[in-house]
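One-letter residues, chain by chain:
There are 2 protein chains.
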Amino acid sequence: MLAQANVKSEITSLVDRKDLGALKKYLEPWAPADLAPIIADLPIGQLGALFRVGSRDLVVMTFTYMPLEEQKKLLKLLTQEQAAALLNALPPDDRTSFLNELPLDVAMQLLSMLTPDERQVAQALLAYPEHSVGRMMTLDYVAVHPEWTVRQALDYIREHGYDRETLNVIFVVDDGGHIMDDIRVRRFLLSPLDLPVRSLLDGNYAMLSPTDDREKALDLFKKYDRVALPVVDENRKLIGIVTVDDMLDVAEEEATEDIQKLGGTEALDEPYTTIALSRMVKKRASWLVVLFLGEMLTATAMSFFEDEIARAVVLALFVPLVISSGGNAGSQAATLVIRALALGEFRLRDWWRIMRRELVAGTALGLILGVIGFLRIAVWSMFSNIYGPHWILVAATVGLALVGIVLWGSLMGSMLPLVLKRLGFDPATSSAPFVATLVDVTGLIIYFSVAFVIMKGTLL
Amino acid sequence: MLAQANVKSEITSLVDRKDLGALKKYLEPWAPADLAPIIADLPIGQLGALFRVGSRDLVVMTFTYMPLEEQKKLLKLLTQEQAAALLNALPPDDRTSFLNELPLDVAMQLLSMLTPDERQVAQALLAYPEHSVGRMMTLDYVAVHPEWTVRQALDYIREHGYDRETLNVIFVVDDGGHIMDDIRVRRFLLSPLDLPVRSLLDGNYAMLSPTDDREKALDLFKKYDRVALPVVDENRKLIGIVTVDDMLDVAEEEATEDIQKLGGTEALDEPYTTIALSRMVKKRASWLVVLFLGEMLTATAMSFFEDEIARAVVLALFVPLVISSGGNAGSQAATLVIRALALGEFRLRDWWRIMRRELVAGTALGLILGVIGFLRIAVWSMFSNIYGPHWILVAATVGLALVGIVLWGSLMGSMLPLVLKRLGFDPATSSAPFVATLVDVTGLIIYFSVAFVIMKGTLL
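Listed in order, the protein sequences are those of chains A and B.
Start counting the first sequence at 1; every next residue gets the next number (the numbering used here).
Start counting the second sequence at 1001; every next residue gets the next number (the numbering used here).
If you are wondering where the hints come from, they were derived from the structure by calculation, not from laboratory data.
Mixed in with the good hints, there may be bad ones.
Below, simulated DSS-like cross-link-like pairs (lysine-lysine); rule was C-alpha separation at most 25 Å, straight line [stated by the list, open to error]:
| # | chain 1 | residue 1 | chain 2 | residue 2 |
| --- | --- | --- | --- | --- |
| 1 | A | Lys216 | B | Lys1222 |
| 2 | B | Lys1223 | A | Lys216 |
| 3 | B | Lys1223 | B | Lys1283 |
| 4 | A | Lys72 | B | Lys1008 |
| 5 | B | Lys1024 | A | Lys8 |
| 6 | B | Lys1024 | B | Lys1073 |
A few chain A residues that don't get close to chain B, going by computed Cβ distances all over 10 Å [to be verified]:
| # | residue |
| --- | --- |
| 7 | Met108 |
| 8 | Thr149 |
| 9 | Asp175 |
| 10 | Arg198 |
| 11 | Leu423 |
Idealized CB from N, CA, C, for every residue including glycine.
Looking at chain A on its own, in the form it has when it is part of the complex (with noise of 0.2 Å):
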């Protein structure tokens, strides 16, 4: 903290002094991703005159790890000139993601700044569907042929190679520039320098299509443990890479998704401290209202046990305690069974394994409560008169609606989410919440109809 005060002083002086050359020299040494949050919230102006001064690459770069709106800000803010040279120097997947968060006419007009090269290669990245492999691309890759010797590829790579953003990757191309395989940058500095490229090919490559959505390239990159891997187009020709780096942002994005939707809102889409209240209102409120829209059946099916919470209220005072029970076990019976689906820990035609856990752990979990609910009026009616004379037809109808809920509950959540996942909706749609809005409209009829049983020519 202290420290960033210092930087953020010193910055400040510098540029109240004008002194652009020590201002660019002690910018020097700092890495982008130190220095962008230390800077972000200075003041616009100072913000324009350090990136006027800072070497291009630390600029660049920089920028790319700013927040959006500052982003947006900065960009005014430099002349047109400069302007056009920063978004031409932008790594081409930054600039993607950058451009795509923009209103179209801004967007336009940035892209119009671009030279007509770096204009078509993002004009093709955007129009690749959100969300896929296309959008996190980046032409910036190293490709040698195999009849080259390691000699000639090293000596390329060392021409060729600066502006290319992963180079720890080498990929082997044929002459259409259809790839044969990739090859990790340590196989090259390991192996004799006159031994031909295609002796070092073994074939082992994984590969993805621009179309293909992200979360198909974060389970290769989870399986083979790469740091880049290739995008080919339908003819195997090789147009981009992606790399890691990108992955962990893609898996922590996937993550937030599932999380909101599991916890009964709609996924968000951008930060919870800066979207706009309208949007967040909107979001949460579309999954609210089909939930209460849901849970109205709870105050019919209420409405046909009136006369029986008439005779005896004091079936009323457990309603919350029995159904919420049924929706908690749901809960968690669904959110362990969706995460395990997103893992890929089973399948569907598993469905019959997961039911018979969730059979047993259910009816375990529900004798547990049962068994509780059931001593808690025991005991209160020990000492009080609370429940009435029959407090043990009472104990015993909360007890036995408790076992059958709570399994119920447990086998709803189990099997919704795959039944979900069979018609083709995202699992995660089966959140918490609604799970817990089935069970208790269903929990009620259990309840009342154990009560039913139990308490028909006492109470009822």
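Position chain B relative to chain A; hints supplied.
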């Protein structure tokens, strides 16, 4: 699928014919990550044959991709000598995580098979706490000295780099082994051969301590986009590295933990499909019982209003609807805030900003549900007498209570994770069901209080 079946039958027939030469040749071109899942469910005898004839590199790497159960079986099947060779050749970080999963006596037995050097390494790594950077560390890195030339460094890499886990980053250390910088291997490739290594240093490097939590490593990798980070002791002496491919697994495991906690269960720490049922029931029961005990307060709260319910049974009908809406709103808010906290979107001292957002969002959401609830009762009452002559009072009670309860739920859901974090607990512990339970109890009080004010003198 078909291809996998073919591979398996091919391997089976080669083993049956005892044609080990052909088997070895057949295995040659396979990527370990592809081979492991295909052979994982081969009869264990065949798997043994396969591991005995495969090349050491293939066998070792394939082993790291096998499920734990198969790894254990395999090791038992190999001769003492073969098992020792395999264990000694495993990458240290993979070996650590394998040994960590075994019962202590088995782990000790295996440790004794290692060469003294490897045993020392393994014991040192196992001594670090679980989920620490030390456990994921590998010692196979390349370090060079600043006074060397690029040519000397490349020669050194070529000679000593064979077994190194990653050559993407080269570390520069002084004579005492203290870290001076980390340099991407591409810098070496792109620099003139006579340049001293010293002139490549930029002083930009991040580093980890072996006792750091793995989440800190994940954060640094996300921030700096590196493929490997150095691990240093308290004197900044380089003792190992952590690589990015392990980070995708860490990200996945951490997300799984958070998701499971949010779903109202303890983190399982093993796959849902293979965890022993008794262990799973235990992990789920503890939270379910806590929630149940909390929810018992609803029965207590309801009993305070028993007279009101007896006088106006219609009130009981809407209890599940109104309190569950509060719970749903609370789950949403809790989920969003917990995730935003995990992503570092805001700090605890920003609580007032969050509360202000939830005040507005909660009021808006409450109004939406309140209006729908009011209309639902009003419309039903036009066509039936189900809610009695005072239906407008019922509708007003439900509508107003909804506004209050949804607002209250949103506030509780957003603030509770912050309180937990402030007290030093994991905010994800305030799972959606936990918040829902709290809101259920307080929601009842809000509901009956609103009813009391509105219906006093008529229904109550």
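Hints, verified against the model:
Taking the CA atoms of A:Lys216 and B:Lys1222, the gap is about 20 Å. The hint holds against a cut of 25 Å. A distance of roughly 23 Å separates the Cα atoms of B:Lys1223 and A:Lys216; the hinted pair therefore holds under the 25 Å criterion. Note on B:Lys1223 and B:Lys1283: the hinted pairing is violated, with a Cα-Cα distance of about 34 Å set against a maximum of 25 Å. For the suggested pair A:Lys72 and B:Lys1008, the alpha carbons sit about 56 Å apart, so the restraint of at most 25 Å is broken.
The straight-line distance between the Cα atoms of B:Lys1024 and A:Lys8 is roughly 63 Å, outside the 25 Å bound, and the hint therefore fails. A threshold of 25 Å between alpha carbons decides the hint, and for B:Lys1024 with B:Lys1073 the separation of about 21 Å falls inside it, so the pair holds. Against the 10 Å criterion, A:Met108 stays outside the reach of chain B, whose nearest CB is about 29 Å from its own CB. Look at A:Thr149: its CB is around 15 Å from the nearest CB on chain B, clear of 10 Å, so calling it non-interface holds up.
Every C-beta of chain B lies more than 10 Å from that of A:Asp175, the closest at about 24 Å, which supports listing it as non-interface. Every Cβ of chain B is farther than 10 Å from the Cβ of A:Arg198; the closest lies at roughly 15 Å, confirming the non-interface assignment. Interface exclusion of A:Leu423 from chain B stands, the closest Cβ pair being 22 Å apart, more than 10 Å.
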